[in-house]
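> Below are the chains, spelled out letter by letter.
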Amino acid sequence: MTTKFTLRAAALASTCLLPLAAFAQEAPDYNNEATMGTRFQSSDSALFGRYSGTPFGGFYGTGSFKLDASDAWNSGKTEYFLAEGDNLDVDGHQLFPDAELSVKYGERGKWGIQAFYDGIPYWQSLGFHSLYNSSGALKGLTPGSLPVNSGLSYTPPTADPVTGALSGGATPGELAAGQSFLNGIFAAVSPFNSTQFVGTQRDIVGGSATYMGLANWTFSTGLKHEHKQGTMESSFATNDMNNALAFPEPVDWDTDTYSASARYSTKQLKAVFSYTFSNFNDNLTSFNTLNPFNLSDPSLQLAPGYVGSIYSLPPSNDAHQLKGQVSYLLTPTTRINTDFGYQLMQQNSSNTLAYQGAPANPYLPGGNYNAQIQQMYGNIALNARPLPKTDIRASYSINDREDDSPRVFIPADYGATGQITADTLMSSHVPIANLPISELDQTAKLEAGYHILPSTKVTAFYTYKDQQRDYSVTDRNHESTEGARVNSSLSNTINGMLSYSHSVRSATDYNDNAAWVANTYYLSGLANPAGLGMYYLAARTRDEIKGNLTWSASDALSAGLTGKFYNDHYPTSFYGVTNDHTLSVGPDIAYSPTKSVTTHLFYTFEEVFTDQLASNQNDPSQTAGSTTWSLGNKDTIHTVGASADWQISDKAKISLSENLSYGNTAFAEGASLISAPGSVLPAFPENLVSALPNDTTILNSILLSGEYKLASNVSLLGSYSFDRAVAKDYLYNQPSTAFGNSFGGAGNPADYLEFLPGDGNPSYSIHTVSMAVRVKW
Amino acid sequence: MTIKHVVTGLFAGIVFLLGASAWAAEGPSAATQPVYAKKAELTCMKCHDSAPVTDILKTPHAMKADSRTPFAEHACETCHGASPEHIASAARVSEGEKPVMPAVLFTGKDASPVEVRNKVCLSCHDEGMRVDWQGSQHESNNVACTNCHTIHRDKDPVLVKATQPEKCFTCHSKQRAESFEFSHHPIREGKVVCSDCHNPHGSAGPTLLKEFTVNDTCYNCHPEKRGPFLWEHEPARDNCSNCHTPHGSTQARLLTERPPFLCNECHQEGDHQISPWSGNVTLGVNANIAGTLTQGAAATQMLARGCVNCHSQVHGSNSQAGAFLTR
Chain A
1 MTTKFTLRAA ALASTCLLPL AAFAQEAPDY NNEATMGTRF QSSDSALFGR YSGTPFGGFY
61 GTGSFKLDAS DAWNSGKTEY FLAEGDNLDV DGHQLFPDAE LSVKYGERGK WGIQAFYDGI
121 PYWQSLGFHS LYNSSGALKG LTPGSLPVNS GLSYTPPTAD PVTGALSGGA TPGELAAGQS
181 FLNGIFAAVS PFNSTQFVGT QRDIVGGSAT YMGLANWTFS TGLKHEHKQG TMESSFATND
241 MNNALAFPEP VDWDTDTYSA SARYSTKQLK AVFSYTFSNF NDNLTSFNTL NPFNLSDPSL
301 QLAPGYVGSI YSLPPSNDAH QLKGQVSYLL TPTTRINTDF GYQLMQQNSS NTLAYQGAPA
361 NPYLPGGNYN AQIQQMYGNI ALNARPLPKT DIRASYSIND REDDSPRVFI PADYGATGQI
421 TADTLMSSHV PIANLPISEL DQTAKLEAGY HILPSTKVTA FYTYKDQQRD YSVTDRNHES
481 TEGARVNSSL SNTINGMLSY SHSVRSATDY NDNAAWVANT YYLSGLANPA GLGMYYLAAR
541 TRDEIKGNLT WSASDALSAG LTGKFYNDHY PTSFYGVTND HTLSVGPDIA YSPTKSVTTH
601 LFYTFEEVFT DQLASNQNDP SQTAGSTTWS LGNKDTIHTV GASADWQISD KAKISLSENL
661 SYGNTAFAEG ASLISAPGSV LPAFPENLVS ALPNDTTILN SILLSGEYKL ASNVSLLGSY
721 SFDRAVAKDY LYNQPSTAFG NSFGGAGNPA DYLEFLPGDG NPSYSIHTVS MAVRVKW
Chain B
1 MTIKHVVTGL FAGIVFLLGA SAWAAEGPSA ATQPVYAKKA ELTCMKCHDS APVTDILKTP
61 HAMKADSRTP FAEHACETCH GASPEHIASA ARVSEGEKPV MPAVLFTGKD ASPVEVRNKV
121 CLSCHDEGMR VDWQGSQHES NNVACTNCHT IHRDKDPVLV KATQPEKCFT CHSKQRAESF
181 EFSHHPIREG KVVCSDCHNP HGSAGPTLLK EFTVNDTCYN CHPEKRGPFL WEHEPARDNC
241 SNCHTPHGST QARLLTERPP FLCNECHQEG DHQISPWSGN VTLGVNANIA GTLTQGAAAT
301 QMLARGCVNC HSQVHGSNSQ AGAFLTR
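Protein sequences appear in the order of chains A and B.
Heads up: the first sequence begins at 1 in our numbering, then just goes up one per residue.
Heads up: the second sequence begins at 1 in our numbering, then just goes up one per residue.
By construction, these hints were calculated from the structure, which means they are not laboratory data.
Keep in mind it's a predicted model, so treat the numbers as computed, not measured.
You may find that some hints are simply not true.
Said to hold, decoys possible - Within a straight-line C-alpha distance of at most 25 Å, the following computed DSS-like cross-link-like pairs (lysine-lysine) qualify:
(1) A:K110 / B:K46
(2) B:K210 / B:K155
(3) B:K58 / A:K224
(4) A:K595 / B:K46
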C-alpha cells in the first residue's frame, strides 16, 4: 500500500469514527445529509480533468456528506461537531483524487480541534512522449546506440532572398545529406519513444487545536503533512549540450508544516505572535540518466559506473519563521500597528555532480552547499483622525533579505590531469562563481483623506520606495508614487471610486550585465547590448487609473462597473521592454425579476500589451546601420458569464450557467535599422521578419443542474454540462520527436537535436451527465 | 530626497498627529442609556420569523451560552442597536404607517453608513487576522464588512471554499476573468481560494497578501522553489510575479508572456538568445508555422517550452554544472 492510500485511509477512518460518538447526542432534524450518485464523462482529456482528477472518460461514483451534531442556539450549551466530505469521487483508476474531508469538534469560546484531508491532483498530459521513464532508464534503447550528431552540418532550408545562397554556407548536397541523416535518427528513435501519463497527486492531512481558556488569550497550534507524488513534464540538456530531451521528472516530495500562535486582545492592545516551521524533503536528489547519442568518444558511455547526464532535483530545504503583530490604541482615534518577522531559509542538500564515473573529475569535492537566507521584515503604521473628517495614515516598512550562502568558485583547472571532460559547457578553463543575491527594501507611505462632503472623501497619497541590491544589474532603485483617490456615495444607491497615480522609478546602473558577467560571461563570451533595460529593474514611469461604480437600484437589481488601466514607459531602455500596458474593464449585473428567479451577468475585457526591442544577432556591435527586431505582444481577452436560478416550486429548482473565455495573442513583429536614414535593411534572411500566427484559446462551459424533492428529506439531483476547449497554436503542430536548429550563420552548423514531449493539441469537447440522491436526517 | 528624510518627516508628523488626535477625540457623551427590548430576540421574532432572518439561529452568532456572542447580550439589538422606536412603530404597520428603521441597518438602500456598520462588527472582531484592518486597502476604500459577509445565513458564502471567490470577484473582475483563462490556478475548481493567499482584512504585505512578500506566499504551496539554490535566477528570487501572473493567463504555466519572448526581455546576450523569432525566419522560408512543421524547420527556442527546453532549472539549480540553469 502506498503512502498515498495510507493517508487517505487514515483521513477516512477519522471522519467515520468520530461521527459515531456524536450521533449519541441529540441532533436537530435535517442537520445531516449524504449524497450519492454517478457521473458519466464522454471522453478523455488531461486538461479537462487536471484539477478534478477525472481525466478519463467513463462512469464515476460521486458522493458527499455533512454531519452536524452541534448544540442548538438556545440549548444553553456550546458544543459543536461538524464533519464534512466532498468530491468523494471514484472510478476504475483512482480513489477520491480530489476529496476533501474535515472534522471539527469543540466548545465555542473555550477550545476546538479539527482535522482535515485534502487531495489535489494535477494532470498534465495523457500523451507525453519520452525516451525515458521516471527513473532515468532509456526504455529499450541502448546508451550510445544512436549516431553522433555533433558536428553535423545541417542548416534550415533558408535561402537568401537576394542571392539565393543557402544560409550557413551549406551546399544543396549537405542539406540533403543532413536531412537524410536526421530522418535516420528519427526512424531509429521512434520505436523507443513511449507515450506516458504525466501528473501529480498531493495528499494533505493536518490538524489544529485552539484554546481560549485564559482571559484575553487564544492559543493555536497546527500540524500539516503533504505528500506529493507523480511526474511532471520536464526536459534537460545532455552533458555534451548537443541535445535536449523531454523526460518525466519524478516527484516524490514530503512537506511538513508546524505552526503555533498566541493572540492577546484587550480593547487597547491587540497582539499576535506566531512561529512556523516548514520542512520540504525531496526523497530523490537527482535524475540520473544516459545520453542516447554517441559522444565524441563512443566508449565513454559504456565505461562502468558512468552516468553521463545528471539532472538536479529540487533540494530539500527548511524555513523557520517568527512573526508578530501588535496594534495599540493610542487615543480613541489613533491606532498604531506594527508587523515584524524573521525568517531563516536553509538548504544543505548534497551538490549534484555534473556526471559520475570515468574519466570525470568533479568540479567540486563532494559535500553540501550549506546555503542560507535570512530575511527580516518590519512595518509600522499610524492611523489617525487628528481632525474631524480627516484621516491620516503614515507607514514605514523594511524588508532585508540577506543571502549568507557561501560563494562557490568553480576552479579553472578542474580536472586533476587538466583533461577537458566531455561536458563542453564547463571546458572554458576560467573560474566562475555563484551569486548570493541580497536585497534591502524600504518603503515609506503617507496618505491623507478629507471628507469634503458627508458622503465624499478625497484622499491624497505618496509612496517612496528604495531598493538596494547586491550582485545585480542595478545596485539601487528609487521609486516615488503620488496620487489621489475620490470615494463617493453619489446617492443612497450609487457608490463610486476613482483613483489616479503617477510613479517614477530610477535605476542606478552601476555595472551593466553584472550578474551575467559574474557567472556565465566567461563561458559564453557574450554580453547584453548596451542599453538593455531589464523591465523589473530598469527606470520606469507608470500611470495608473482605477475606478468602480456600483448601483443598487433596488433589492432586485444591482449593477457594477470596474476598470483598471496602467501604462509603463521605460525611458532609458533602448532594448528590452520599452512600453507595456494593461487594461481591464467590465460590468457585473445581478437581477431578480421575481422572488423565485435570480440572474447574474458579467463581462470583462482585458488587454495586455508589451512592446519590446531586441538587437539582431547579425551585428552585436549595435552601431549605426545594424539591425533590430521588435515585438508588440498583445493579449486580448473577453470573458463572459451568465447564470440563472429558478425556484420553480417548493419541490423543484433549476440552474443554468454559461462561462466563456476567449483569448487571443497577437505577435506583431518587425525589423529595422538602428540609425541609417535612407538605408535599406541588409538582405539577410533574418531581417525578413514577419509576425507569427495568432495564438487563440477558448474555454467554454455550460452547466444545467436541477434538484427535485421527492420527500421533505429526499432530493433527486441531476446535471448536464458541456465543456469545450479550443487551442489554435503553432506549438501544437509538432511531432513528438522533432528537432530544432541552433540558428546561426556561417560556421555555426545546426547540430542540436530536441526531442519534444509531443503532447498534441489539448482541445476537447466533453459532455458530462450526473444523477444523485440526497438524503437528509 | 532620501529615505532618511522621508522617515524623519514621517515621525515628526506622528508627534503632531498624536497631539491633534487627542484633541480631536470626542469625550464620553452624556447620551441617554440605550433601551433594549426586554425579551431580546423574542421581541424581534414576533415579526421577523422567517428565513433568511432566522437563519442566524443556525450560526455561532446566536449561541446564547457563549458569552462572546451578540445573542448572549441583547440578541438582535446587539448589532442592530437599541431600537425602541422601530419596535414601537412595528405595531402601527398594520395601520399603514411606515416603520421606523432600526438604529443600525446593514443592507439595502437604507443601510447605515459604512463606518457605523463596521464599528458594530469591529467591536468584537478586531483581533487576530483583523489587527491590520485600520488603514488597509479595503478599509480605506470604504468597504463594509457586510459587503462581503452574509450574517443571516447558516454558512456565510465568503467563508465557504466553493463560493468565496465569486464574492471577491464581484469587485475584482480582472481576477475573475483571469481565473477562467486557459492556464489558471484551481480557483474555479475550488482547490484554491482567495483567502489561501490574501488576507482581505489587512496585511503588511503587498496586495493584501498574507505573507510579507509575494515569494513567501508562493513558497507555502511550492516549497521546492524556496531553495536557496547554488545557482539562483535573480528575477525568480526577486519576485515570482516578474514572470508569472497568479490568477490566470492565456499562456502556459501562468506565464505573463510566451518564451522565448519573455526571456528575451532580459536576455539578449547574443548567439541563440536574440535571433528574431518570427513567422518566416526561424522556420525557414518554405515552412509554414501554421501548418505541420517538418523536421528541422523550427528553432529550438520556438518549440514546446521555448528557452526552458534546455534551461529547465529556471527557478534555480543545485547542480555544480548548473550555471546556465540547464541541470
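> None of the hints should be skipped; say for each whether it holds.
The hints, checked one at a time:
For a cut-off of 25 Å, the pair hint linking A:K110 to B:K46 is broken: about 32 Å separates their Cα positions. For the proposed pair B:K210 and B:K155, the alpha carbon gap of about 23 Å is at most 25 Å, so the pair holds. In summary, the hint linking B:K58 to A:K224 is not supported, as the alpha carbons are separated by about 30 Å, beyond the 25 Å threshold. Between A:K595 and B:K46 the alpha-carbon distance is near 23 Å, which keeps this suggested pair within the 25 Å criterion.
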